[in-house]
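Chain B: place on chain A using the hints.
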Amino acid sequence: MGKGKGQIHNNIRTLRFHHNEMTQTDLAAQVGVTRQTIIAIEQGKYSPSLEVAFRIALALGVQLNEVFWYDPEGDAE
Amino acid sequence: MSMQQRNTVVTLVSFLLILSFFCVRVFQMVQTATFIAPNVFRLWIIIAIAVVAMSILGSILAQITSAIIYTARTNEAPPDAEWLEDERDKLIQLKGTRVTYIVASLGSFIAMLTFVLNRPPLVMFTFLIASGLVAQILGDVYRLVRYSRGV
Numbered sequence: 001m002g003k004g005k006g007q008i009h010n011n012i013r014t015l016r017f018h019h020n021e022m023t024q025t026d027l028a029a030q031v032g033v034t035r036q037t038i039i040a041i042e043q044g045k046y047s048p049s050l051e052v053a054f055r056i057a058l059a060l061g062v063q064l065n066e067v068f069w070y071d072p073e074g075d076a077e
Numbered sequence: 001m002s003m004q005q006r007n008t009v010v011t012l013v014s015f016l017l018i019l020s021f022f023c024v025r026v027f028q029m030v031q032t033a034t035f036i037a038p039n040v041f042r043l044w045i046i047i048a049i050a051v052v053a054m055s056i057l058g059s060i061l062a063q064i065t066s067a068i069i070y071t072a073r074t075n076e077a078p079p080d081a082e083w084l085e086d087e088r089d090k091l092i093q094l095k096g097t098r099v100t101y102i103v104a105s106l107g108s109f110i111a112m113l114t115f116v117l118n119r120p121p122l123v124m125f126t127f128l129i130a131s132g133l134v135a136q137i138l139g140d141v142y143r144l145v146r147y148s149r150g151v
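Protein chains in written order, with my numbering: chain A, 1 to 77; chain B, 1 to 151.
Same shape as in the complex, but just chain A (with noise of 0.2 Å):
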């Protein structure tokens, strides 16, 4: 997460349990990253790259705006 305050949240697991209950094995395989990044992602401690949260939006056939989001009130780890 990035310094000061505001987090960035995600909703990555829903969109999953939305999208045919995908695995979270198969968002890795489909984005090009570990199934260990997408559990970091899931838990909000890791932020990923544009290129990585614009690749997990295509494979969840959504918007980016609808998997990612910025909270400027929240508090950053």
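No wet-lab data here; the hints were simulated from the structure.
Don't take every hint at face value.
[As the list claims (entries may be wrong)] With a Cα cut of at most 30 Å, we get these calculated DSS-like pairs of lysine-lysine:
hint: 1; chain 1: B; residue 1: K95; chain 2: A; residue 2: K45
hint: 2; chain 1: B; residue 1: K95; chain 2: A; residue 2: K5
hint: 3; chain 1: B; residue 1: K90; chain 2: A; residue 2: K45
hint: 4; chain 1: B; residue 1: K90; chain 2: A; residue 2: K5
hint: 5; chain 1: A; residue 1: K5; chain 2: A; residue 2: K45
[Claimed, not checked] Pairwise CB distance ranges (calculated):
hint: 6; chain 1: B; residue 1: Y70; chain 2: A; residue 2: M22; range: 13 to 21 Å
hint: 7; chain 1: A; residue 1: K5; chain 2: B; residue 2: S148; range: 22 to 30 Å
hint: 8; chain 1: A; residue 1: E42; chain 2: B; residue 2: F27; range: 46 to 54 Å
hint: 9; chain 1: B; residue 1: I64; chain 2: A; residue 2: E51; range: 31 to 39 Å
hint: 10; chain 1: A; residue 1: K45; chain 2: B; residue 2: S55; range: 28 to 36 Å
hint: 11; chain 1: A; residue 1: T25; chain 2: B; residue 2: I60; range: 46 to 54 Å
hint: 12; chain 1: A; residue 1: M22; chain 2: B; residue 2: R149; range: 42 to 50 Å
From a predicted model like this one, the values you see are computed outputs, not experimental measurements.
Cβ atoms here follow ideal geometry from the backbone N, Cα and C, with glycine treated the same way.
Here is chain B on its own, set in the frame of chain A:
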């Protein structure tokens, strides 16, 4: 645990063993008053060969165990993604390398201080090698901590 994490664990264990061997041998030499150039040079060569051999064998060992664990768990051959090194892995590797460089630099500085204390060059080079091994170990520990935290 990803393949990169297993690789880091294997490297960490390898370097711990090498450092232990190095410390024991140096201690033995000091105790028996055989801390002389030929013996120390021989030890450096052994350490250098061990580092190269353990790095190569460790990587192969980590890949084989990863494949065995994955196959035993899923009854399928591991997918290509299992061997992948993505942006998060690269970021963690870089952070670990930074720690390694900082510790190695501090170790080099301390090794230089041995000249100030009028110790022979053998002592300085022994400190240099030890600090290099410690730096690698601390870098690996830092990488494992970052992996457990996400990044």
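Hints, verified against the model:
no. : hint                         : result
1   : K95(B) / K45(A)              : 16 Å, holds
2   : K95(B) / K5(A)               : 23 Å, holds
3   : K90(B) / K45(A)              : 16 Å, holds
4   : K90(B) / K5(A)               : 26 Å, holds
5   : K5(A) / K45(A)               : 15 Å, holds
6   : Y70(B) / M22(A): 13 to 21 Å  : 20 Å, holds
7   : K5(A) / S148(B): 22 to 30 Å  : 25 Å, holds
8   : E42(A) / F27(B): 46 to 54 Å  : 49 Å, holds
9   : I64(B) / E51(A): 31 to 39 Å  : 32 Å, holds
10  : K45(A) / S55(B): 28 to 36 Å  : 29 Å, holds
11  : T25(A) / I60(B): 46 to 54 Å  : 25 Å, violated
12  : M22(A) / R149(B): 42 to 50 Å : 26 Å, violated
The structure is inconsistent with the numbered hints 11 and 12, although it conforms to all the rest.
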